[in-house]
Amino acid sequence: MLEIKNLHARVDDRDVLNGIDLSISAGEVHAIMGPNGSGKSTLAYVLAGRDGYEVTEGSIHYQGNDLLDLAIEERAREGIFLAFQYPVEIPGVAGTTFLRTAVNSLRKHRGEKEFDAMQFVKYVREKQSELNITDDMLRRPVNVGFSGGEKKRNEILQMALLEPKFAVLDETDSGLDIDALKTVADGVNTLRDPNRSMLVITHYQRLLDYIVPDFVHVLAHGRIVKSGGKELALELEKEGYGALTGTQAA
Amino acid sequence: MSRQIIAEFPFVERFDELSAEFPGAGLDWLDTMRRTSLDRFNRLALPSTRVEAWKYTNLRELAKTPFEMAEASSGSASLDLSEQAAMGSESAHRLVFANGIYNASLSRLETLPDGVIITNLEDALTTHGSLVRPHLERLSSLEEDALLALNTAFMMNGYVVIVEEGIEVGTPIELLFLSDPSSPTSIHPRNLIVAGAESNAKLTEWHVGSGDSDYWSNPVTEVVVGPEAAVSHRKVQRESASAFHLAQTRVSLAGNATYTGFLMSAGARLSRCEVEARLEGDGANCELDGIYLARDHQHSDITTRIAHTEPGGNSRQVFKGVLDGHSHGVFQGQVSVSPDAQRTDGHQLNKTLLLSEGAEIDTKPELEICADDVKCSHGATAGQLDELELFYLRSRGLDAEEARQVLIRAFIAEVVESVEEGDFQDQLNTIIDDWLSNGLSTS
Ligand SMILES: Nc1ncnc2c1ncn2[C@@H]1O[C@H](COP(=O)(O)OP(=O)(O)OP(=O)(O)O)[C@@H](O)[C@H]1O
Ligand SMILES: [Mg+2]
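If you read the protein sequences in the order shown, they are chains B and R.
For what it's worth, my numbering labels the leading residue of the first sequence as 1, then goes sequentially.
For what it's worth, my numbering labels the leading residue of the second sequence as 1, then goes sequentially.
The hints are simulated quantities; they were obtained by calculation from the structure and are not laboratory data.
Careful, some of the hints might be misleading.
Unchecked claim - Think about it this way: if two alpha-carbon atoms lie no more than 16 Å apart in a straight line, the pair counts; the simulated EDC-like pairs of lysine to aspartate or glutamate are:
1. Lys108(B) x Asp399(R)
2. Lys5(B) x Asp66(B)
3. Lys165(B) x Glu28(B)
4. Lys165(B) x Glu78(B)
5. Lys108(B) x Glu402(R)
6. Lys55(R) x Asp362(R)
Said to hold, decoys possible - Beyond 12 Å from chain R on every Cβ pair, some chain B residues (computed):
7. Glu3
8. Asp13
9. Asp21
10. Asp69
11. Pro91
12. Gly111
13. Ala117
14. His203
15. Arg223
16. Val225
17. Glu237
Cβ coordinates follow ideal geometry from the N, Cα and C atoms, glycine included.
Just chain R, same shape as in the assembly:
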């Protein structure tokens, strides 16, 4: 078996024709970057399970699907917008992308304070090109990653949030990615968050699909957190039951910066949420928490890489998953500490509840520590519901299903409670209740 999966995606073959419509088409630097990235993708191809980082997540089925590109005309797709009621809050800034295309009429931008840019990538390239360009170029030249290269070649719209030094964006920012294409479609959002020194912003991304529409979402998000700045970045993944979701978030943190990431991954047929955080300044803090829920034949992969390169950094990760049916969970958590990163504090915990015989988790914590004065720990457990606890609850009159639900909620509660109390916590509980009420297998 080769290290590559060769796919012949129709949209890739139509690059020349499609590229005229891409955001920023005609900007030389961007056209060149797209072209270089396309060549890179064609050279790299999709990774097979022979590649260590992809050992547990197989892209073969993805490679077989004849994906096309979302076109401007499909941006007004008849999304079930009642779903939106369950997302976000009334008072937030909101950008909406329908099948990857920016939808101005559904978006809503409250008056923005000076020093805050919240916009879509296409507009940002025209009006703030010099702010955006260095970030796009840096990330795109960085490494040999096929999916990153593909995203760069085909990047569609996405959100851009830039907060200047010292500014606090009080109002939360919501980014809605809604998808329901009628034929297999690939969507490549490119997002950018730049928080200047001592600034503060809170963002929540919702990736939601309807029914079982067939699509592949391949978002790349770059997050740059300046000195003493704080970014809270939450994400909910509830793609359609037939969707593929392969997301990468690349975070860099300056001195004393704080990034608080939260992930709820519950949808898609196959998903991989990859987060890389580089603590590149003294005393940077990174907190990543998350929940993954999967049933039937869903595949849910959470991959994190935390790199401590400077002294005094803290990172803390808690991921909990519940797997039912024949679902397959993957947790890969890498924490590396460079020789210079003394006094690093790095902790990671992964716990999975397996509700059925057919459910499976592959968990691979990896610590690479090259400094001596560090405190690092990792723990991973996988287990079933406790028979005695179930018996105790049922002996008090709860039926078997209720008792299981009570214990599952209790298992995840710690992670839900790690987010600030309020709308988002309620929304997480609603997602969990929804998931539970779809029925658990009885084994």
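One chain only, chain B, in its complex shape:
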């Protein structure tokens, strides 16, 4: 589904990704862990296509096509979704309006009929209650005045509504209390599907108890320095990144 080869990327004249190779097949969940500043969010942004994240070398293929040729919204319409580490507040835009516009632009792209306001409310209602998102939260402007945990739940609601094929979750667990973590993990697990892949970025092994990954990778200095099965996360929790990044520096 996703094939990253020798990916180098630069942000603001700084080389942040220095040769990433990663291959993710349909239905797989991969976890990425790694120290602060190692380039995890940068990788997520490059996948989503954010301006200013310049790929200087290497390639990304998604479903056999060159992903880097696609604009941000084209990637979204082809099924790429990024749950932001820091979800963006958009004053003046009501949550429901935003969600409906997003869902409808994808439906239009797929040749489906757009939802009117009533149909949309019905569509949202079920997923909304699974994620403990109140009507009031949706009436308010997007993410404005939301707590950290509410913002993260709102990201997962968007994922549930947009039904992506490939989702990147950037530290969706940070800032969540224990119950919310469980709610979010349940939300994500409901979406696990043989045709849907995920890249889960996290600092904590705990999330991976709930969302059990097929593979775990360690990113340091913009490179994958170690890959393994889910037990790698446990190992890291015990020993830290010191040994791995030290190796890297030598």
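Model the placement of chain R with the ligands on the given structure of chain B, informed by the hints.
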């Protein structure tokens, strides 16, 4: 460079010949007032950008255009009246001026309650001359303003709304100024609103032009709000793409009077909407909100002057603008508080969204405070659309254009929502949607 721009407008040179046809021609006091004002205009000439109040708005191009005067025969011009469907509502009182000439057949006056006069200036001069005269004279003698003087010399028809003490005009009043002359024409409407003590009226002015007809609209509107009275006065400026629109609204408020002004300025090649409000009674309230939208090489100037001269007044202003292309916006907001005007509350906010590198805003807030017990604030910002917000929206599937539109609407929403929900709010949204759908530059 001089402080004056000397223009040789054909219509000005033909004053003697034209004056026989003016509304109220033959009334001595009016003939004299026109003549004095003409002399004043000739002495003052148009202000150049050397004059501080006109620093950012240049009338040079206006001065070069050979404007003639609209004549009675051009009043039946073939206006695209389908446009009217987008304006106003079915049930309102309506006066229509086509190229400045009153059009009785398009106008509509529902039964008026006792104590309410809604008419055109020409008729008012004949039937209610003694009511109208003091106002016209007072404003015209007041100050050295070239455009006011020109309007007074050449004042054509306009609307007159007079509401007696204690009367509420429930039905909204609509004033339509439609223009589409085929050659460069100057139009000088003179309007008057007088709201007696504890009365209440709601008016909406539409200034609409078709295609790119070449004209200059120079309306002057005087608003007198009596004690405890409330006037809501909305204005939409969608003149043609070649038009000049230089409008002045002069408001005076008595004790506990309320004036709620709203301005949507979206048309014209060059526009200036000037509003002056004088809070001359204890506890007067003035609320002014507005939106300006400009693209290509449009020039849009909003100039406000709020004068607090008595204690306990409130004024609140929120103006937001969106500028694209090579357009130029100007916001000049002056709030002055006299020594006697203690406990004044005066707030002003101006925000502009610049959509392109070529767009420009000059914003000049001015507070002159001569009293010590006052609460006054002003704020001005200019910025671009937020890259991260755009990215967030696009990452959810909205295309770049849609994402920009969503954020622009969100930026102005606060001002749109400041008007009462209903027809007018819907109409504002339609104007904004129209404007957005004409395409934004992609830089
Ligand atoms: N716009 C930018 N300009 C300059 N440097 C940047 C920019 N964005 C990211 N960087 C740098 O790139 C490096 C990688 O940042 P990134 O956000 O990808 O780290 P991360 O692995 O997600 O860290 P964290 O665990 O703290 O979220 C950091 O050193 C950061 O300072
Ligand atoms: Mg990060």
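For each hint, the structure was consulted:
1. A distance of roughly 12 Å separates the Cα atoms of Lys108(B) and Asp399(R); the hinted pair therefore holds under the 16 Å criterion.
2. Restraint check: the Cα-Cα separation between Lys5(B) and Asp66(B) comes to about 12 Å, which is no more than 16 Å; the hinted pair holds.
3. Under the criterion of a C-alpha separation no larger than 16 Å, the hint pairing Lys165(B) with Glu28(B) is consistent with the structure, at around 11 Å.
4. Restraint check for Lys165(B) and Glu78(B): satisfied, since their Cα atoms lie roughly 8 Å apart, inside the 16 Å limit.
5. At most 16 Å may separate the alpha-carbon atoms for a hinted pair to count; Lys108(B) and Glu402(R) meet this at roughly 14 Å.
6. With a C-alpha separation of about 10 Å, the suggested pairing of Lys55(R) with Asp362(R) holds against the 16 Å cut-off.
7. Its beta-carbon lying about 21 Å from the closest one in chain R, Glu3(B) satisfies the requirement of being farther than 12 Å from that chain.
8. Here Asp13(B) stays apart from chain R, with its beta-carbon at least about 17 Å from theirs, past the 12 Å limit.
9. Separation of Asp21(B) from chain R is adequate, the least Cβ-Cβ distance of about 24 Å exceeding the 12 Å criterion.
10. For Asp69(B), the non-interface assignment is confirmed: its Cβ lies about 16 Å from the closest Cβ of chain R, beyond the 12 Å cut-off.
11. With a least CB separation of 7 Å from chain R, Pro91(B) falls inside the 12 Å interface cut-off, contrary to its annotation.
12. For Gly111(B), the shortest C-beta to C-beta distance to chain R comes to about 14 Å, beyond the 12 Å cut-off, and the non-interface label holds.
13. With a least beta-carbon separation of about 16 Å from chain R, Ala117(B) lies farther than 12 Å from that chain, consistent with its non-interface assignment.
14. Annotated as non-interface, His203(B) keeps its C-beta farther than 12 Å from every C-beta of chain R; the closest such distance is 23 Å.
15. No beta-carbon of chain R is positioned within 12 Å of the beta-carbon of Arg223(B); the least distance is around 25 Å.
16. Every CB of chain R is more than 12 Å from the CB of Val225(B) (nearest about 28 Å), matching its label as outside the interface.
17. With a cut of 12 Å on Cβ distances, Glu237(B) stays outside the contact zone with chain R, its closest approach being about 31 Å.
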